[in-house]
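*Asks:* Please assemble the complex out of the two chains, which come individually in their own frames, going by the hints.
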Amino acid sequence: MLPVTAVALAVLAALLAWPVPALLARAQWPGRDPLVALVCWQAVGLAGGLSMIGALLVHGLAPWGHSLPEAAWAVVRGHVVTEPVRGDHWVALTLAGVLAFELVGVLLLSWARIVRTRRRHRELLELVVQPGPQPDARLLDHPAPVAFCIPGARPLLVLSSGMVAELDDGQLAAVVAHERAHLAEHHHLLLLPFVAWKAALPVLPAAERAHGAVRELVEMRADDVALGSLSGTSPRRTLAEAIVAAAGGAGGVPTGALAVSGAGVRARVVRLLEPAHPLPAAARWTALSGAVLLLLLPTALLLLPALG
Amino acid sequence: MASLGELERAVMDRLWAADGPVAATRLRNELADRGVALTTVHTVLTRLEQKGFVRHDDARPRRFSARASREDHAAELMHEVLGQAADRQAVLARFVGSVNDEEARLLRELLAGGSTG
Numbered sequence: 080m081l082p083v084t085a086v087a088l089a090v091l092a093a094l095l096a097w098p099v100p101a102l103l104a105r106a107q108w109p110g111r112d113p114l115v116a117l118v119c120w121q122a123v124g125l126a127g128g129l130s131m132i133g134a135l136l137v138h139g140l141a142p143w144g145h146s147l148p149e150a151a152w153a154v155v156r157g158h159v160v161t162e163p164v165r166g167d168h169w170v171a172l173t174l175a176g177v178l179a180f181e182l183v184g185v186l187l188l189s190w191a192r193i194v195r196t197r198r199r200h201r202e203l204l205e206l207v208v209q210p211g212p213q214p215d216a217r218l219l220d221h222p223a224p225v226a227f228c229i230p231g232a233r234p235l236l237v238l239s240s241g242m243v244a245e246l247d248d249g250q251l252a253a254v255v256a257h258e259r260a261h262l263a264e265h266h267h268l269l270l271l272p273f274v275a276w277k278a279a280l281p282v283l284p285a286a287e288r289a290h291g292a293v294r295e296l297v298e299m300r301a302d303d304v305a306l307g308s309l310s311g312t313s314p315r316r317t318l319a320e321a322i323v324a325a326a327g328g329a330g331g332v333p334t335g336a337l338a339v340s341g342a343g344v345r346a347r348v349v350r351l352l353e354p355a356h357p358l359p360a361a362a363r364w365t366a367l368s369g370a371v372l373l374l375l376l377p378t379a380l381l382l383l384p385a386l387g
Numbered sequence: 101m102a103s104l105g106e107l108e109r110a111v112m113d114r115l116w117a118a119d120g121p122v123a124a125t126r127l128r129n130e131l132a133d134r135g136v137a138l139t140t141v142h143t144v145l146t147r148l149e150q151k152g153f154v155r156h157d158d159a160r161p162r163r164f165s166a167r168a169s170r171e172d173h174a175a176e177l178m179h180e181v182l183g184q185a186a187d188r189q190a191v192l193a194r195f196v197g198s199v200n201d202e203e204a205r206l207l208r209e210l211l212a213g214g215s216t217g
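So the protein sequences, as listed, match chains A and B.
Heads up: the first sequence runs through residues 80 to 387, numbered per this note's numbering.
Heads up: the second sequence runs through residues 101 to 217, numbered per this note's numbering.
Be a bit skeptical, because a hint or two may be false.
As the list claims (entries may be wrong) - Across the chosen pairs, the derived CB separations fall in these ranges:
{"hint": "1", "chain 1": "B", "residue 1": "Ser103", "chain 2": "A", "residue 2": "Gln213", "range": "30 to 40 Å"}
{"hint": "2", "chain 1": "A", "residue 1": "Phe180", "chain 2": "B", "residue 2": "Asp119", "range": "54 to 64 Å"}
{"hint": "3", "chain 1": "B", "residue 1": "Gly105", "chain 2": "A", "residue 2": "Arg192", "range": "35 to 45 Å"}
{"hint": "4", "chain 1": "A", "residue 1": "Leu309", "chain 2": "B", "residue 2": "Asp119", "range": "23 to 33 Å"}
{"hint": "5", "chain 1": "B", "residue 1": "Leu104", "chain 2": "A", "residue 2": "Leu283", "range": "15 to 25 Å"}
{"hint": "6", "chain 1": "A", "residue 1": "Pro359", "chain 2": "B", "residue 2": "Ala212", "range": "26 to 36 Å"}
{"hint": "7", "chain 1": "B", "residue 1": "Ala137", "chain 2": "A", "residue 2": "Asp247", "range": "39 to 49 Å"}
{"hint": "8", "chain 1": "B", "residue 1": "Ala212", "chain 2": "A", "residue 2": "Ala244", "range": "13 to 23 Å"}
{"hint": "9", "chain 1": "B", "residue 1": "His179", "chain 2": "A", "residue 2": "Ala346", "range": "40 to 50 Å"}
{"hint": "10", "chain 1": "B", "residue 1": "Glu209", "chain 2": "A", "residue 2": "Leu374", "range": "38 to 48 Å"}
If you are wondering where the hints come from, they were derived from the structure by calculation, not from laboratory data.
Note that beta-carbon positions come from the ideal geometry of N, C-alpha and C, so glycine has one too.
Isolated chain B (complex conformation) (with noise of 0.2 Å):
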């Protein structure tokens, strides 16, 4: 049996592939392999609908579609990831931030002239 968390990429990766909104049973069914029962795809889709990830039209059955695609996510991710805001370093680790071109030429010259220490 999958984890929720596992189950959540699998149903976004479904809505993402496909070409309009779809319908529960049709997730159930393309999900069959993971013997996944309808209710556990309808409480999947509830956790990403308060996540924000998904929303649903009024047709009956109703019918669920992505949000964003995999690559506005991605990038609202990298905007927060690269920004500096004053806690960025206290909610994420970051290895290194990003300097400006003068500073980059500083730093390659100091590794070409650095000992191998």
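So that you can see chain A by itself, here it is in the shape it has in the complex (with noise of 0.2 Å):
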């Protein structure tokens, strides 16, 4: 017979790998409030990763006890058994160790090889690029517009000489605040779990869309957070305009240089130019709170007392 807490832990981890991420991928709402969604994202994310190994967990320890203190408590203190050990329960602690493992194991791999890669390019950048027209922007030389910043201890933001030349001083100061934003708000850490789950869960559909969706959240939530720094009598259309010019400028982009998809482009112009109305309070609420009860939910079938 299988805990109930395990059964229950199981259909959460089944929601949150298909059904959740599916329709919160297709849902509409989130680009009306990226930082919201985000939220959302992250809890759906850890959830997902804590229900999938506390089933089972829970499943492997119950023939030391109904819940996973009382289990604990029980191994650590040598009790015997209540139940017979099954080869299922075996089956279930292995399953719960290599997932756990390598779970944390990429997540962890995934940090020191983007960290590494970044001092590679910061290494090549410090040698390359000379002052830019703004303090905290460097100029690199190059005729594709391109215009990026390296997170970190000591971040850089870099704009490429093309395009300086393609945009206009007002669009260029929309693309640094753009830029400034990712850097402020340490968008590359909401990023990294999401790279990691798709780098642990190949096969696993929602690991793929979850990164996208987040992706473009996050691009969207860095275009709000620069019309709110951003003078001029229509920042909204300068920042349009940026984004245009940037991602259709292919002046001189080397080979090997695949393209994006439109789409996600798309959707940034359409709602700097057409905004729809921002979430109601209510429903910001009503997200936040599922974000927390969506992480409560897992947290408590593991340290609660057994159900049955």
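*Replies:* Written out as structure tokens, the structure reads:
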């Protein structure tokens, strides 16, 4: 007989592995409030991993006790088992260990690889860039219109000479404000779990979908933050113009650089030109409470005494 | 006193400008206005060698040269930036990716027909 807690966690894990990410990725409201949507995605990812590992752990430890604290305490105290330990208990415990090891291991590996690549980029940049038009932006001599920032302890914001040539001052300020927003809100940290999740579970379509959605939301959030710091008559239009100019100006893009899908870029431009109404406060709070509940549910199931 | 990063750039600029391998003493002389000691020049050269930007020959005294031109480094960097590796957006946040010609035309139409709000 399976413990009720393990079944509940398994059901939650299954929901979070497919239908919930699919619905969230397809929903229209995230574009109206990217920040709330980003919080929801973090909750989905964390609760998904927690319930997946938790379900296996609770089932595997069932012979020692009906809840995780009880079983852990029994194992620590060296209590004899109350039920016979069957093969499926060992299988569940092994799977839980492998899964936890993989999720945490891949997260650490991704982090290490990303930090190494960033350091290499920064070393290269420090040799080839010049002071840029803005105090915190550097100029890279290249015809392709490109702007990017490298996050980290010593963040670096880079504009290519092609970008400076293509945009006017207002548009350039919009680009820099967008990149500053990425750095100020540490968007790379919001992306990291999904990069790792995708690498750890390549068979899970939700991992790919979640990663794509979070990438898009981070860009929309940076657009929103950038608008707040821009002056001028129509900052929305200025930013949209900058996006279109940078996405379409392929001058000197080296071969081997793949084009991105236009859908994400189009969504950004549309919401700048024709802004939807912001999410009503009630809807915001519903979404945020949902995210908190999503995290509390597996935590409670794991820690509270067993239901059955 | 200049920072190591600035000195690395200054040394690379001299190596790129030189027409052949350069001895550390010559670099020290060329950087005399910065008041750099020979040991500092060696430190900077060692760091640049570790990063793979500089190599030395077996002559006595050793002479140093740049492994690749400034343009090569810029091209390598752009290749990475414009690439679409899975974790690219976590390594660096690019303002917007490039789209193909058809998508670019659609975007421009969107802009032309959009409101000015």
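*Asks:* All the hints need checking, so say for each whether the structure fits it.
*Replies:* Hint check results:
1. Judged by the Cβ atoms, the range 30 to 40 Å given for B/Ser103 and A/Gln213 is violated: they are separated by roughly 21 Å.
2. Range check, A/Phe180 to B/Asp119: Cβ separation about 56 Å, and the 54 to 64 Å hint holds.
3. The beta-carbon spacing between B/Gly105 and A/Arg192, approximately 24 Å, falls outside the hinted interval of 35 to 45 Å.
4. A/Leu309 and B/Asp119 have their C-beta atoms about 48 Å apart, which leaves the hinted 23 to 33 Å range violated.
5. Between B/Leu104 and A/Leu283, the C-beta spacing of about 45 Å breaks the proposed range 15 to 25 Å.
6. The beta-carbon spacing between A/Pro359 and B/Ala212, approximately 32 Å, falls within the hinted interval of 26 to 36 Å.
7. Roughly 47 Å separates the CB atoms of B/Ala137 and A/Asp247, a value that falls within the hinted 39 to 49 Å.
8. For B/Ala212 and A/Ala244, the Cβ-Cβ distance of about 22 Å falls inside the hinted range of 13 to 23 Å, so the restraint holds.
9. Checked against the hint of 40 to 50 Å, the C-beta distance between B/His179 and A/Ala346 comes to roughly 27 Å, which is inconsistent with it.
10. Under the hint 38 to 48 Å, the C-beta atoms of B/Glu209 and A/Leu374, about 43 Å apart, fit the expected range.
The structure fails hints 1, 3, 4, 5, 9 (numbered hints given earlier, in ascending order).
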